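Chemist: Residue strings, one per chain:
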Amino acid sequence: MRFISYLLALLAGTALSFEGAIYAELGKTIGQIETSFYNFFMGSIIMGLLWLFFGKGKISYTIEAPKWSLLGGVLGVVYLTSIVVSVPFVGVGIAMVAVIIGQLVMSMVIEHFGWLGSKKTRINKEKIFAVISMIVALILIN
Amino acid sequence: MGLFMILFTLIGGITLSAQSSINGTFSRKAGTIETTFLTFLTGTMFLTIFILFFGRGNVLALLEAPKWQLSAALLGTMYLLLTVMAVPRIGVIATNIAGIAGQLVVGVIIDHFGWFNSLIIELDVKRAFALVFMIISLYFIYKGNKRSNEKPKHRISK
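Protein sequence lines, in the order shown, are assigned to chains A and B. Read in order, the letters of the first sequence are residues 1 to 142 in the numbering used here. Read in order, the letters of the second sequence are residues 143 to 300 in the numbering used here.
It is worth saying that the hints were derived from the structure and are not from the lab. Just to be clear, a hint being listed does not mean it is correct.
Restraint ranges, calculated between C-beta atoms of paired labels, are given here [to be verified]:
1. A/LYS125 <-> B/LEU205: 47 to 55 Å
2. A/ARG2 <-> B/TRP210: 31 to 39 Å
3. A/LYS56 <-> B/PHE195: 36 to 44 Å
4. B/HIS254 <-> A/ILE139: 16 to 24 Å
5. B/ILE235 <-> A/PRO66: 23 to 31 Å
6. A/PHE113 <-> B/PHE146: 23 to 31 Å
7. A/PHE113 <-> B/PHE255: 40 to 48 Å
8. A/LYS58 <-> B/GLU264: 47 to 55 Å
9. B/PHE271 <-> A/GLU64: 46 to 54 Å
Here are the simulated lysine to any residue pairs, SDA-like style, with alpha carbons at most 20 Å apart [unchecked claim]:
10. A/LYS56 <-> B/ARG170
11. B/LYS288 <-> A/ILE128
12. A/LYS67 <-> B/GLY166
13. B/LYS209 <-> B/ASN259
14. A/LYS125 <-> B/TYR281
15. B/LYS285 <-> A/ILE128
16. A/LYS119 <-> B/LYS285
17. A/LYS28 <-> B/LEU202
18. B/LYS285 <-> A/ILE123
19. B/LYS171 <-> A/GLY114
20. B/LYS288 <-> A/SER133
These figures come from a predicted structure and were not determined experimentally. A virtual CB, placed ideally from N, CA and C, is assigned to each residue, including glycine.
Starting from the given sequences, assemble the full structure and let the hints guide the process.
Modeler: And the structure:
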């Protein structure tokens, strides 16, 4: 059963690469920002339906929540647009490695200081080695 | 141009990690589905205004675009659902590492064959070595996270 869960997670990652490659192609015909718009628009519809049928949380918390915690959508727009714009120039492989390095370094910094409501987790030797190996990989893949 | 694009994508990764921290905090009180719904909704609102003022493409061309290109929207949702299914069983770190591994391997495969009309970049010895370094990196992430999670327990027991 655990094995299947690993497989599901692996499959989830492959979905992201396929998404990047396909959106890059769509971006060439309808425009890059338009492609991001399409993604978020369709995502809203799909998640809206899922929320209507399966939502068990409290959407009204949106009104009471601190305003900075509502910025997730805008940040996601930056990510998706950067993928759609860069993949035609550098390919899916490099784009994915660059995204992962950005993610890796930033999440270490965020957790090190406990920013944005995250649990404080110190940077250690292993994590620095991880970033160095990832950067070596980016140089080799380029 | 290539280097500039890589930097741009790095920024994309930075914003993505800020997004997951923010959404993680928000979802503790609002719920997972609600958080994702809100993320997509605010993203749509923002992009609507942005397109009205700066859009140079043609949104209406969506209706004529091949359907397989439109199916990419489902892949993003699939990623989300599969992650939500895996996290309770194997944990956040293992889920992320397995996800990254899948992402990288398929990224390199797509480049190699030039699927979806993308750039063709062959899988040569250099790229194979790059994959090895990524696996080493994932191993260190796993170990590093295990260590920082174990530490507090020791302090309590002492």
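Chemist: All hints are to be evaluated individually against the structure, with a verdict given for each.
Modeler: Now for the hints, and whether the structure bears them out:
1. A/LYS125 <-> B/LEU205: 47 to 55 Å: For A/LYS125 and B/LEU205 the Cβ distance comes to about 54 Å; the hint holds.
2. A/ARG2 <-> B/TRP210: 31 to 39 Å: Since A/ARG2 and B/TRP210 have Cβ atoms about 33 Å apart, the given range 31 to 39 Å holds.
3. A/LYS56 <-> B/PHE195: 36 to 44 Å: 38 Å Cβ-Cβ, so the 36 to 44 Å window holds.
4. B/HIS254 <-> A/ILE139: 16 to 24 Å: At roughly 19 Å between Cβ atoms, A/ILE139 and B/HIS254 fall inside 16 to 24 Å, so the hint holds.
5. B/ILE235 <-> A/PRO66: 23 to 31 Å: Cβ of B/ILE235 to Cβ of A/PRO66: about 27 Å, so the range 23 to 31 Å holds.
6. A/PHE113 <-> B/PHE146: 23 to 31 Å: holds (29 Å)
7. A/PHE113 <-> B/PHE255: 40 to 48 Å: Cβ of A/PHE113 to Cβ of B/PHE255: about 42 Å, so the range 40 to 48 Å holds.
8. A/LYS58 <-> B/GLU264: 47 to 55 Å: holds (51 Å)
9. B/PHE271 <-> A/GLU64: 46 to 54 Å: holds (51 Å)
10. A/LYS56 <-> B/ARG170: holds (12 Å)
11. B/LYS288 <-> A/ILE128: Judged against 20 Å, a Cα distance of about 14 Å means the pair holds.
12. A/LYS67 <-> B/GLY166: Holds, because 15 Å separates the two Cα atoms, which is no more than 20 Å.
13. B/LYS209 <-> B/ASN259: holds (15 Å)
14. A/LYS125 <-> B/TYR281: Judged against 20 Å, a Cα distance of about 13 Å means the pair holds.
15. B/LYS285 <-> A/ILE128: Answer holds: B/LYS285 to A/ILE128 is near 11 Å, not above 20 Å.
16. A/LYS119 <-> B/LYS285: Distance ~18 Å between A/LYS119 and B/LYS285 Cα, so the pair holds.
17. A/LYS28 <-> B/LEU202: holds (14 Å)
18. B/LYS285 <-> A/ILE123: Holds, at about 12 Å.
19. B/LYS171 <-> A/GLY114: holds (18 Å)
20. B/LYS288 <-> A/SER133: holds (18 Å)
In this structure, none of the earlier numbered hints is contradicted; all agree with it.
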